[in-house]
Amino acid sequence: DGGITQSPKYLFRKEGQNVTLSCEQNLNHDAMYWYRQDPGQGLRLIYYSQIVNDFQKGDIAEGYSVSREKKESFPLTVTSAQKNPTAFYLCASSGFSVYEQYFGPGTRLTVT
Amino acid sequence: ILNVEQSPQSLHVQEGDSTNFTCSFPSSNFYALHWYRWETAKSPEALFVMTLNGDEKKKGRISATLNTKEGYSYLYIKGSQPEDSATYLCASLNNNDMRFGAGTRLTVKP
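Here the protein sequences come in this chain order: A and B.
For the first sequence, our numbering gives the first residue as 1, with consecutive numbering after it.
For the second sequence, our numbering gives the first residue as 1, with consecutive numbering after it.
Where hints are given, some of them may not hold.
As the list claims (entries may be wrong) - For lysine to any residue, the following SDA-like pairs were computed, each having C-alpha atoms within a straight-line distance of at most 20 angstroms: (1) B:K42 <-> A:K57; (2) B:K42 <-> A:G42; (3) A:K57 <-> B:N95; (4) A:K83 <-> A:R13.
Hints listed in this document are in silico derivations from the structure and should not be mistaken for laboratory results.
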């Protein structure tokens with residue numbers, strides 16, 4: 001089946017540790033995105049990538065890093081510099097433009 | 001910064017009730033309005049994409065309208081069923097910049 005997978009579903013980390021969230025797609029989409037959701041707020045864009053080996057900061061990129069070495073994969077690292085890392089993280093992909101995005105099931109990260 | 005607002009934040013209805021909720025979005029440089037249905041523990045799924053003022057889309061018991069001049073869209077559910085329980089997200093695409101609302105969480109009680 002074509003789609004987007006994110007792993008793990010739940011992730012727990014101690015404060016001060018970096019953690020990497022996985023996102024893989026087999027839709028042959030060029031563009032991939034990372035969003036963060038907090039209670040009562042809309043999805044906020046962290047990073048996006050429109051092509052392999054290129055990515056751009058979104059609205060809330062501070063404390064996060066990404067890589068796009070393969071078309072299928074867009075991992076997100078939440079670094080210790082991110083002040084409030086506990087959140088729900090959604091990955092998405094789209095064809096040639098941002099017009100229609102397909103989402104993964106998300107990863108809930110809890111940092112204590 | 002674009003602002004997409006959805007209301008109400010949450011809604012509880014009885015099975016069989018019809019319901020509707022609102023998405024307001026910036027009308028300047030508007031390109032498209034998306035509605036997504038997001039069930040707990042699943043991925044958001046696209047319901048509708050609308051681009052033209054006056055657009056109406058329908059899928060079964062769910063329909064949506066679009067007013068781009070005043071910057072709002074309505075989502076209607078006729079005869080709600082428990083399986084309609086989900087969060088309904090809207091997203092506005094303005095100038096190649098997509099912004100999401102916080103969603104309306106619908107709970108349909110049997």
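Earlier hints that do not hold, by number: 1
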